[in-house]
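Enquirer: Sequence:
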Amino acid sequence: MYRQLIEINKKPAPFESITTLELWTDPHRAEQMLAYHLSDATELASRSTGQRQASTNWMIQHFGIKSGTRVCDFGCGPGLYTQAFARADAKVTGVDFSTNSLQYARTQARKSGLDINYIEANYLEFETDQRFDLITLIYCGFCALSPENRAKLLKKFEKLLTTGGRIILDVHSLNAYAQRQECSSYEKNQLGGFWSAKEYYGFLTTFKYDDEKVVLDKYTIIEPNNSYTIYNWLQYFDKAMLEQEFFKAGLQIELMLDELDGQAYTGTDPDIVVIAKRA
Numbered sequence: 001m002y003r004q005l006i007e008i009n010k011k012p013a014p015f016e017s018i019t020t021l022e023l024w025t026d027p028h029r030a031e032q033m034l035a036y037h038l039s040d041a042t043e044l045a046s047r048s049t050g051q052r053q054a055s056t057n058w059m060i061q062h063f064g065i066k067s068g069t070r071v072c073d074f075g076c077g078p079g080l081y082t083q084a085f086a087r088a089d090a091k092v093t094g095v096d097f098s099t100n101s102l103q104y105a106r107t108q109a110r111k112s113g114l115d116i117n118y119i120e121a122n123y124l125e126f127e128t129d130q131r132f133d134l135i136t137l138i139y140c141g142f143c144a145l146s147p148e149n150r151a152k153l154l155k156k157f158e159k160l161l162t163t164g165g166r167i168i169l170d171v172h173s174l175n176a177y178a179q180r181q182e183c184s185s186y187e188k189n190q191l192g193g194f195w196s197a198k199e200y201y202g203f204l205t206t207f208k209y210d211d212e213k214v215v216l217d218k219y220t221i222i223e224p225n226n227s228y229t230i231y232n233w234l235q236y237f238d239k240a241m242l243e244q245e246f247f248k249a250g251l252q253i254e255l256m257l258d259e260l261d262g263q264a265y266t267g268t269d270p271d272i273v274v275i276a277k278r279a
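For the sequence shown, the numbering used here begins at 1 and goes up steadily by one.
To be clear, the hints were calculated from the coordinates, so they are not data collected in a lab.
Check before you lean on any hint, since a few could be wrong.
Restraint ranges, calculated between C-beta atoms of paired labels, are given here [to be verified]:
| # | residue 1 | residue 2 | range |
| --- | --- | --- | --- |
| 1 | Glu-22 | Ala-151 | 22 to 30 Å |
| 2 | Thr-206 | Ser-39 | 22 to 30 Å |
| 3 | Asn-225 | Ala-151 | 36 to 44 Å |
| 4 | Thr-42 | Glu-182 | 22 to 30 Å |
| 5 | Glu-31 | Ala-151 | 29 to 37 Å |
What you are looking at is a predicted structure, and each value in this text was computed from that prediction instead of being measured.
The beta carbon of each residue, even a glycine, is placed where N, CA and C say it ideally should be.
Start from the sequences, fold in the hints, and give me the full structure.
Expert: This is how it looks when you write it as structure tokens:
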């Protein structure tokens, strides 16, 4: 047990282990994630219904989304944003690797009579001949990627944009990083049974990396006959960090905001919204 505790509290190098697929594709956890997406009682997976409506209303107006506008939502999940774009008569594509979330999204689209092209794929590997007027990556999905994968994704975005196309994504700021604290805790059936349908003990160890401005929430799950670790990495940014990463990908940041509903950038918000185009 002592050796196991040593391993639980071991601090890895930034982005040393990636377990994104294990988090999103396990059938039990996929059901829990979908429930989180659809619940207004928590913002663990999505913003509230009211916030989403304000955000999509603003994006539709700001980007002039209308009939024929080609939109691609990376990490679309259960289609909470793609449906709003489709109701504005845009030609919408949603990309996600969660089978469970996409099943829900497709069902909702059929019920609403919306024509949305949902593609099950890891968006880092997604390829298409289509080009898009607007590419979205919402709810700080960019922060979960390693530096190498962020560079890869931005290059992909640059390739997939139409002439005059735009990218909008949001990230956690250094203001939010300053609020994070290193800590350790454990709990039986941690997060209300989120990790497994079986009984288990969940250990959470949070590490901060001040040089890189990265936080790791390291979850170690111990079942009667099994144990595994999930690494939840989050990169935090300031304006200069974002400008550098976008510049290297051939992209130019056009506008920064505090919120997806158009609130002006102050540099004091826990998040930063980025709108970019080809350089």
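Enquirer: So, for every hint listed, does it hold in this structure?
Expert: Here is what the structure says about each hint:
1. About 23 Å separates the C-beta atoms of Glu-22 and Ala-151, a value consistent with the hinted range of 22 to 30 Å.
2. A hinted range of 22 to 30 Å for the beta carbons of Thr-206 and Ser-39 is consistent with their spacing of about 24 Å.
3. For the hinted restraint 36 to 44 Å between Asn-225 and Ala-151, the CB-CB distance of approximately 40 Å keeps it satisfied.
4. Range check, Thr-42 to Glu-182: about 23 Å between beta-carbon atoms, so the 22 to 30 Å window is met.
5. Taken as a hint, the range 29 to 37 Å holds for the pair Glu-31 and Ala-151, whose Cβ atoms sit roughly 33 Å apart.
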